[in-house]
Amino acid sequence: MRYAKHYWEDLAVDAAMPPLVKPPIQQIQLTRYAGASGDFNPIHQDDAFAKAAGMGGVFAHGMLSMGFVAQSVTNWLGVGCVRRISVRFAALVRLGDVITCRGRVTAKRPPQGREDGQVDLDLWAENQKGEKVVTGRATVTLPSRG
Amino acid sequence: MAITVNKDVKGKEYPPFAVTVERGKIKEFARAIGDCSPFYLDDAVGRASEWGDIIAPPTFAITFRDENADTGAVLKDLGVDISRILHGEQEFESYKPIRPGETYLCRSRITDVYEKTGRSGPMAFVVREMAVTDADNEIVSMVRHITVVRL
Numbered sequence: 659m660r661y662a663k664h665y666w667e668d669l670a671v672d673a674a675m676p677p678l679v680k681p682p683i684q685q686i687q688l689t690r691y692a693g694a695s696g697d698f699n700p701i702h703q704d705d706a707f708a709k710a711a712g713m714g715g716v717f718a719h720g721m722l723s724m725g726f727v728a729q730s731v732t733n734w735l736g737v738g739c740v741r742r743i744s745v746r747f748a749a750l751v752r753l754g755d756v757i758t759c760r761g762r763v764t765a766k767r768p769p770q771g772r773e774d775g776q777v778d779l780d781l782w783a784e785n786q787k788g789e790k791v792v793t794g795r796a797t798v799t800l801p802s803r804g
Numbered sequence: 003m004a005i006t007v008n009k010d011v012k013g014k015e016y017p018p019f020a021v022t023v024e025r026g027k028i029k030e031f032a033r034a035i036g037d038c039s040p041f042y043l044d045d046a047v048g049r050a051s052e053w054g055d056i057i058a059p060p061t062f063a064i065t066f067r068d069e070n071a072d073t074g075a076v077l078k079d080l081g082v083d084i085s086r087i088l089h090g091e092q093e094f095e096s097y098k099p100i101r102p103g104e105t106y107l108c109r110s111r112i113t114d115v116y117e118k119t120g121r122s123g124p125m126a127f128v129v130r131e132m133a134v135t136d137a138d139n140e141i142v143s144m145v146r147h148i149t150v151v152r153l
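These protein sequence lines map, in sequence, to chains V and X.
In this text, residue positions in the first sequence follow our numbering: the first is 659, and each later residue adds one.
In this text, residue positions in the second sequence follow our numbering: the first is 3, and each later residue adds one.
Keep in mind the hints are simulated off the structure, nothing from the lab.
Keep in mind it's a predicted model, so treat the numbers as computed, not measured.
One should not assume that every hint holds.
[Said to hold, decoys possible] Cβ-to-Cβ under 10 Å is the rule here; a few derived chain X residues that face chain V:
{"no.": "1", "residue": "Tyr16"}
{"no.": "2", "residue": "Phe19"}
{"no.": "3", "residue": "Ala32"}
{"no.": "4", "residue": "Ala34"}
{"no.": "5", "residue": "Ser39"}
{"no.": "6", "residue": "Trp53"}
{"no.": "7", "residue": "Gly54"}
{"no.": "8", "residue": "Ile57"}
{"no.": "9", "residue": "Pro59"}
{"no.": "10", "residue": "Phe62"}
{"no.": "11", "residue": "Asn70"}
{"no.": "12", "residue": "Ile87"}
{"no.": "13", "residue": "Tyr97"}
{"no.": "14", "residue": "Pro102"}
{"no.": "15", "residue": "Gly103"}
{"no.": "16", "residue": "Leu107"}
[To be verified] In silico BS3-like cross-links for lysine-lysine, where the CA-CA straight-line distance does not exceed 25 Å:
{"no.": "17", "chain 1": "X", "residue 1": "Lys98", "chain 2": "X", "residue 2": "Lys27"}
{"no.": "18", "chain 1": "X", "residue 1": "Lys118", "chain 2": "V", "residue 2": "Lys663"}
{"no.": "19", "chain 1": "V", "residue 1": "Lys709", "chain 2": "V", "residue 2": "Lys790"}
{"no.": "20", "chain 1": "V", "residue 1": "Lys766", "chain 2": "V", "residue 2": "Lys663"}
{"no.": "21", "chain 1": "V", "residue 1": "Lys790", "chain 2": "X", "residue 2": "Lys118"}
{"no.": "22", "chain 1": "X", "residue 1": "Lys98", "chain 2": "V", "residue 2": "Lys766"}
In this text, a Cβ means the ideal position worked out from N, Cα and C, and glycines have one as well.
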């Protein structure tokens, strides 16, 4: 985790985000996330329900994975810098999966007047088999050296 | 057995609802993700920060729910059981940090409903947008959400 912010000038297009590796997904984390988020869909809690629904067993809330992806950005570039973040949920995350969040800089826009400079990122999260479970993008604002 | 969704809900606006952000809820949410940044968890760090208090993580607005406007209400309108849905896509645009103690107004509507056949069969996509504004009627967040229904 970084506390100091990066300056806009310090990030180059194609720069890689330091990967964020999360601990293996456990049922208790899905239960905590249900309580914290208010998403009590039993498909994330009740294996029999998830099997009956044809999903082969419980799987993690997509929003938990998106939380990991957002964390990977704020760990790198600072809390409060994310202006926009969007993701597509590409594959299910199962119990025991180890999720790694990765990203890279795709574009930069210089500061304009009182507006901070912006940086665009490509983001993705993969499981321990290297399969992408989330793909996404973010735009962050960063202060300038001026 | 194949099901259908009620496409007439396209354009439907749900009743606005107000949410007051509880300090403990921000911390509970950050901990559930395993994101233990002191800017979310430590009141003293928050007070000393540029925001003067802790702020919420980027995806926190997902907790802004109301039984008359949430996924459950949408499913009822679609005529779909919860066991058939998946989360397709999600987006947050953030204009101001979300702070403890603030009361926000949330307005949600269905912007699109369309069907497509993917690798795993026919699916309906339900696109929702929620605007979050503060007491000054300034936009705080735009939340966009695509729910996938397995038909």
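Can we keep the alanine 32 (chain X) interface hint, with Cβ of chain V closer than 10 Å?
holds, 8 Å
Between lysine 98 (chain X) and lysine 27 (chain X), is the straight-line Cα distance small enough, at 25 Å or below?
holds, 18 Å
Using 10 Å as the Cβ threshold, decide whether tyrosine 97 (chain X) counts as touching chain V.
Check passed: Cβ of tyrosine 97 (chain X) comes within 8 Å of chain V, closer than 10 Å.
If you draw a straight line from the CA of lysine 790 (chain V) to the CA of lysine 118 (chain X), is it 25 Å or shorter?
holds, 22 Å
Go through the hint on serine 39 (chain X) and say holds or violated, using the shortest Cβ distance to chain V against 10 Å.
Holds: closest Cβ of chain V sits about 5 Å from serine 39 (chain X), inside 10 Å.
Less than 10 Å between beta-carbons is the criterion; does tryptophan 53 (chain X) satisfy it with respect to chain V?
holds, 7 Å
For the pair we were handed, lysine 766 (chain V) and lysine 663 (chain V), check the Cα-Cα distance against 25 Å.
Holds: lysine 766 (chain V) and lysine 663 (chain V) sit about 16 Å apart, inside 25 Å.
Interface hint status, proline 59 (chain X) versus chain V (Cβ within 10 Å)
Nearest chain V Cβ about 6 Å off; hint holds.
Status of the hint placing alanine 34 (chain X) at chain V (closest C-beta pair under 10 Å):
holds, 4 Å
Measure nothing beyond the straight line between the CA atoms of lysine 118 (chain X) and lysine 663 (chain V); if it is 25 Å or shorter, mark the hint as holding.
violated, 43 Å
Status of the glycine 54 (chain X) interface restraint (C-beta, 10 Å, chain V):
violated, 12 Å
Hint validation: proline 102 (chain X) versus chain V, beta carbon distance must be below 10 Å. Holds or violated?
Given a least distance of 15 Å, the restraint on proline 102 (chain X) is violated.
Checked against the numbered hints above, the structure breaks hints 1, 2, 7, 11, 14, 15, 16, 18 and satisfies the rest.
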